[in-house]
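Protein chains: 4
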Amino acid sequence: MNFVHSAKVEDLKARVSAFMEAHVIPAEADYHRFVDSGKDRWAIPPVMEELKARARAEGLWNLWCPYPEHGAGLNNCDYAPLAEIMGRSIIGPEVFNCNAPDTGNMEVLIKYGTEAQKAKWLTPLLAGEIRSAFCMTEPAVASSDATNVEASILRDGDHYVINGRKWWATGAPDPRCRILIVMGKSDPAAERHRQQSMILVPFDTPGVTLVRPLNVFGADDAPHGHAEILFDNVRVPAENLLLGEGRGFEIAQGRLGPGRIHHCMRLIGAAQRALELMCDRVSARRAFGKPLADQGVVRQQIALSLCEIEQARLLALAAADKMDRLGNKDARDLIGMAKVVIPQMAQTVIDRAIQVHGAAGVSQDTFLAAAFAYARTIRIADGPDEVHQDALARQMLKARAAA
Amino acid sequence: MNFVHSAKVEDLKARVSAFMEAHVIPAEADYHRFVDSGKDRWAIPPVMEELKARARAEGLWNLWCPYPEHGAGLNNCDYAPLAEIMGRSIIGPEVFNCNAPDTGNMEVLIKYGTEAQKAKWLTPLLAGEIRSAFCMTEPAVASSDATNVEASILRDGDHYVINGRKWWATGAPDPRCRILIVMGKSDPAAERHRQQSMILVPFDTPGVTLVRPLNVFGADDAPHGHAEILFDNVRVPAENLLLGEGRGFEIAQGRLGPGRIHHCMRLIGAAQRALELMCDRVSARRAFGKPLADQGVVRQQIALSLCEIEQARLLALAAADKMDRLGNKDARDLIGMAKVVIPQMAQTVIDRAIQVHGAAGVSQDTFLAAAFAYARTIRIADGPDEVHQDALARQMLKARAAA
Amino acid sequence: MNFVHSAKVEDLKARVSAFMEAHVIPAEADYHRFVDSGKDRWAIPPVMEELKARARAEGLWNLWCPYPEHGAGLNNCDYAPLAEIMGRSIIGPEVFNCNAPDTGNMEVLIKYGTEAQKAKWLTPLLAGEIRSAFCMTEPAVASSDATNVEASILRDGDHYVINGRKWWATGAPDPRCRILIVMGKSDPAAERHRQQSMILVPFDTPGVTLVRPLNVFGADDAPHGHAEILFDNVRVPAENLLLGEGRGFEIAQGRLGPGRIHHCMRLIGAAQRALELMCDRVSARRAFGKPLADQGVVRQQIALSLCEIEQARLLALAAADKMDRLGNKDARDLIGMAKVVIPQMAQTVIDRAIQVHGAAGVSQDTFLAAAFAYARTIRIADGPDEVHQDALARQMLKARAAA
Amino acid sequence: MNFVHSAKVEDLKARVSAFMEAHVIPAEADYHRFVDSGKDRWAIPPVMEELKARARAEGLWNLWCPYPEHGAGLNNCDYAPLAEIMGRSIIGPEVFNCNAPDTGNMEVLIKYGTEAQKAKWLTPLLAGEIRSAFCMTEPAVASSDATNVEASILRDGDHYVINGRKWWATGAPDPRCRILIVMGKSDPAAERHRQQSMILVPFDTPGVTLVRPLNVFGADDAPHGHAEILFDNVRVPAENLLLGEGRGFEIAQGRLGPGRIHHCMRLIGAAQRALELMCDRVSARRAFGKPLADQGVVRQQIALSLCEIEQARLLALAAADKMDRLGNKDARDLIGMAKVVIPQMAQTVIDRAIQVHGAAGVSQDTFLAAAFAYARTIRIADGPDEVHQDALARQMLKARAAA
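Chains as they are written, first to last, in the numbering used here: chain A, 3 to 405; chain B, 3 to 405; chain C, 3 to 405; chain D, 3 to 405.
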């Protein structure tokens, strides 16, 4: 047992951290000013492409990608502290081409894509030239149960025809978004976890309509955002199918394991930055004749946050390590724990940071409100807390009964 | 001791409730569609003025106002259930001319205004013809300690000159907003609680600039919103001063007692509606082969919410009753308790309701996200939770030491 | 609506409070010293009988009893503040003949007993001459579901024969305990809630064995205590049956409503005293150069406790008022809420008080450890928290569905 | 980074675990029966000495001891999982000679003792032949601030004279207890952290009186227990002083780091066992027609417990690893976090396990009540939660200010 990162990882940590401090954090205000003041909220601020180019030039690119032929080739445990550092800014992960949902979509293409699919979509995604979205959640049914999916993906000769309504397709409003991965039912009569398929749908296919952007606590998260998308008799070539008919659930499982833990890693960084902002604020701000830092209640909140973040970090690392050693399936217990614990932890820590910032904390003047919304949504996305809790308990009860 | 409202109050409850169900709740979608789709987010949706006219015609107008010559003449305990019912919609209170900050500002004018001030500003406010804002909080200092205020209100012959930067002036971006009540220091050398004054500043006075609207978790709360306002050598006639130099703190105290409890009452209504939405959602939504309502964890959250709301309601009523019997000053313990307990309760209950709504819960499709933001900000506004907690404990420690 | 007690109740509050301060609190140490130092932990300290005689002489006797012919004739709402004051001491309720389980047992006899049963058992109970126990819970089955009861009460000619093992018969080890009310199944083939009967079993009936006293967190709660009792072919005359065969569940329901709310009232008093002890301790105790009361964290805990106690008190009063107005059945929602909220509140508040007392807080030197154990057990007794939560949620879901 | 124990540690884990299952857990009932039924609660159950002999014979002895010449020579990180396993039983640690306060006292002797002191006291302690106690806490002052200590240790020729009253000397009532380590002030005029000394006091020295055993929630924890001890002009030779005059605080710091983390490790084991008992109980117990395990609320509590235990375990390991790499002083942040988090976690988890056990959970029939009391007291012992929280926050604020 050993709680020290390798020299290689420590070096990457230092470089990513220096990049964040020197380039990303200072660019946040510009980025948001561009979005808020521009005519078009859905245009990409130029600073983002500049940051991406710089990061790529420095070799800080596709760090998430465990496949050496495609990216950094780091395992999950080594990537964890880097993802955490990127997560300190809402715009951080994209700078390093490490943002959701593109990472998950690239992983799907690497693991399950044909060479033709890879050439067409993976290559520009890895290059950060285009963006993608993942269309799974539907407004009409509870997506906590993935088998509820109602969209249809039906074979018709050399094509598949897709019908359905999806929402919370994050990144779909991004003007660079070109490709959608869509989950739907190809065979409602099949066994419950074999009814679903996944298919690649170019965004410009006729019948695909971006109905509206969705807000998170009133924020549209432009210029990436989240979209409601209507698929109305959308026809794509049969070769766009991923892996095979009836294997959609299998792909979803393969995609979600790393996806969940990546969100957790980023949220640790968001919580850590919130805590640091909290410390700085209470040292600088005075009320009733003394700095807020002299209030014991404030210090207790700092201490609790410190403890909760450190535990969350260890849990994410332990989950990552188990994924690296035993595979995602055997690590599902620790992944589940991380998913249950870390978004809630981040929400709580950021809420405390908001409180000491007063009205500034809920405003656009700090990163806290956006970070809070991010944490809050991850408690719902990729399976709500309650579903993961239930799965964890059932596993333990089953194991005890078998013992 | 008696936990039953009078027949008169029960009748008013029934009428306000019927009005809400018949007219206000159904108008919410229209209202927001107008704001979101219009060219100008800061225009008032026509439906609001229609609703106001109807409510006024039905005699459901200025129910908040305890002074019979100006309004309904109800005491706090009688008004509490009505404010709760209005609080079930974000747009509810304004319909009945019972919305913050106008109620607080009207109260200030009634209690501390001259006849001239009343004629000019109170009359149109009571008629719902104009709106007002309250300028106390400042970005540069911790407003949890009201004595930190740095804006200046300095006598210059027959005028006062106002300089300073305020923010979180709720309602200031509203196009109907005509008058600001501004708090600032008129004598920095005076005793700590006698340095401040309050003054009436017509919004169109030269030197008053609305710098920008402020967001709450990304929402601009248009068309009322919250503004940052710059006062740059703003000159107003000396007769605009309220009550007298050095009496600003006294007015603030007089204004905040009822203001706090009104917010609490409305938040109880918001929480109650969230709980009802939660019940309806879990009865209708299915996952893993059964309604969410069949999940024990969901039922536990309903039960906890029910208990917390009921206790909050009783606490608000007890505070209101004590205000009615003994005055706001003697009721400060129960007002403080309500202020500590109820916004946090509402945040918690609404957060649970969001969770069972999944992604819809954070979106613009339910009232939950806006209600959450409202509850969250009230934990900061009018004194953050921690300041009220501290005051409560000090009172108790002092009382025990004296016993 | 009116949050003020009547003059009559205020007078009783003052008298009970003065009696507690003058006689009961000062006797606590003597009482426990007698139990701990004596040869026999199960002998009654003489001071208890002295206190009882004095309370009875002062007319502070059977205050719990709503039936004027048997006791004070107060309704639940009027009794609530008195029960709270008695609950400030573990030995308080017995002094006024208001302690569980005797109050519940007396209520059963008053409501369901024959004249002969009353003459034999109710009269000496009301006089405080004998004590009683209630035998419902069984070690082998989950008593949260009352229909699980396995003990048998079978008719045999003019007698009933009782077999079974009961535990947590509070008060059974008390040397003055003469009579047991036993619940068991008289007809396992009947409808689920008609299988049970209740019967009076004199403690000295052959076949009744006190197997052992049970500990609560290591404390035996001598000299009352809690017993495991074996019923081995115990024969009692048929006229000992209460109300009728198959009506045990009905009696249990009738007994438990007031019983639950009485426990809640007492626990509010226990929590209130814990909070007062906490205040006094932190004012007197110094660490790091200042009183603990100067630590903001301590003050926050005081404030939170104050808020929680006040809300609990209001909830208990509201429940009591509803019982008085509409009957126990219609008040089951508020009784359920009180049962869910108040024991947990008391546990939390007392836990905080323990913490500021340091090691003294868990020891025999304060009333905190015993009060903690009392609160903790009431979260289990008369239906665990979770069962009441579930019932509350089901009621609300049903009401919404019907609306 | 690597979350796998070495083969050596895995082997020891397997052996300690097998020993616990085969010998210790089955002996618990006998052990407690002996204490409870015997004439003398303070006699040692023979089974304990048998278990010790067997453990020693199997080489499972002094595993806590990092000094190879005295014990197993394991570092903290390697010892952690073993201490956890021992902590699964209240009687577990002693079996392996790994129980507090003897481990801490042995550590003091090893690190600070003279050869003569070691020969006299360390040797029999390592052999498990005698027991020891640590006398630091005093009833009259807040021991959360160690400088409050009021006992005096004053030089008088070749002797020191000790006066003072101590309490919570754990293990002092044990009939095998021979030696006390006493902390007191040797020079009240010295710098604040140099006023204290520590000295060895044989229990049979004239003037040492065991005043009374102390209860924890009513339990006397016989036959080890906790004592109040009076030192009345107790004279011991000057060579009994440890390390040197004025170095008591330094020794306390050196002793408490490992002591705190050892308690945390044991409490993880206690919580883990509680969770397992909870699982087994809810699988076996039925209410309302199905096993408790079918209740979603119960499963949620299992899942939360699982997450909390896993995070606590990782935190303890991380702290242990930092102690091993950088020393106890540099690891004080992680030790502090572990001390804040883990006892509270254990209290919470065990409380949940109690709840599903119903009345059995608070009784003497499971290990839950004793485990709860253990967890609760450790939130107070060796510095209450609040003091460690405050220290953590101050460190972070200082580090941020320096950055």
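Heads up, a few of these hints could be off.
Put simply, identical chains are the same to the list, so a pair is met inside one copy or across any two.
As the list claims (entries may be wrong) - Here are the simulated DSS-like pairs of lysine-lysine, each with C-alpha atoms no more than 30 Å apart in a straight line:
| # | residue 1 | residue 2 |
| --- | --- | --- |
| 1 | 15 | 331 |
| 2 | 41 | 120 |
| 3 | 41 | 113 |
| 4 | 120 | 400 |
| 5 | 400 | 331 |
| 6 | 54 | 331 |
| 7 | 400 | 292 |
| 8 | 400 | 15 |
| 9 | 10 | 113 |
| 10 | 122 | 41 |
| 11 | 292 | 331 |
| 12 | 54 | 292 |
| 13 | 54 | 10 |
Since the hints were derived computationally from the structure, they do not count as laboratory data.
Task: Alpha-carbon proximity between residue 15 and residue 331, which holds within one copy, between copies, both or neither at 30 Å - done: both (28 Å within a copy, 26 Å between copies)
Open item on the list: My question is about residue 122 and residue 41: at a cut-off of 30 Å on alpha-carbon distance, are they close within one copy, between copies, both, or neither?
Closed with: neither (32 Å within a copy, 40 Å between copies)
TODO: Using 30 Å as the alpha carbon limit, work out where residue 54 and residue 331 are close: within a copy, between copies, both or neither.
DONE: neither (33 Å within a copy, 42 Å between copies)
- [ ] Could you place residue 400 and residue 292 in one of the four classes (within, between, both, neither) given a Cα distance threshold of 30 Å?
- [x] between (55 Å within a copy, 16 Å between copies)
- [ ] First find the shortest C-alpha distance between residue 400 and residue 15 inside one copy, then the shortest across copies, and answer within, between, both or neither for a cut-off of 30 Å.
- [x] between (40 Å within a copy, 23 Å between copies)
Task: Alpha-carbon proximity between residue 120 and residue 400, which holds within one copy, between copies, both or neither at 30 Å - done: neither (41 Å within a copy, 51 Å between copies)
Open item on the list: Within, between, both or neither: how does the pair residue 54, residue 10 come out at a Cα-Cα threshold of 30 Å?
Closed with: within (22 Å within a copy, 48 Å between copies)
- [ ] Indicate which option fits the pair residue 292, residue 331 if close means a Cα-Cα distance not exceeding 30 Å: within, between, both or neither.
- [x] The answer is between: 27 Å across copies meets 30 Å, while 53 Å in one copy does not.
- [ ] Can you give me the call for residue 54 and residue 292, within, between, both or neither, at a CA distance of at most 30 Å?
- [x] Answer is neither: 43 Å inside a copy and 47 Å across each miss the 30 Å cutoff.
TODO: Could you place residue 41 and residue 113 in one of the four classes (within, between, both, neither) given a Cα distance threshold of 30 Å?
DONE: Neither way: residue 41 and residue 113 sit 40 Å apart in one copy and 46 Å across, limit 30 Å.
Open item on the list: Treating 30 Å as the Cα threshold, decide for residue 41 and residue 120: within, between, both or neither.
Closed with: Neither way: residue 41 and residue 120 sit 35 Å apart in one copy and 43 Å across, limit 30 Å.
Open item on the list: Within, between, both or neither: how does the pair residue 10, residue 113 come out at a Cα-Cα threshold of 30 Å?
Closed with: Answer is within; shortest intra-copy Cα gap is 26 Å, inter-copy 38 Å.
This entry does not satisfy hints 2, 3, 4, 6, 10 and 12, going by the numbered hints stated previously.
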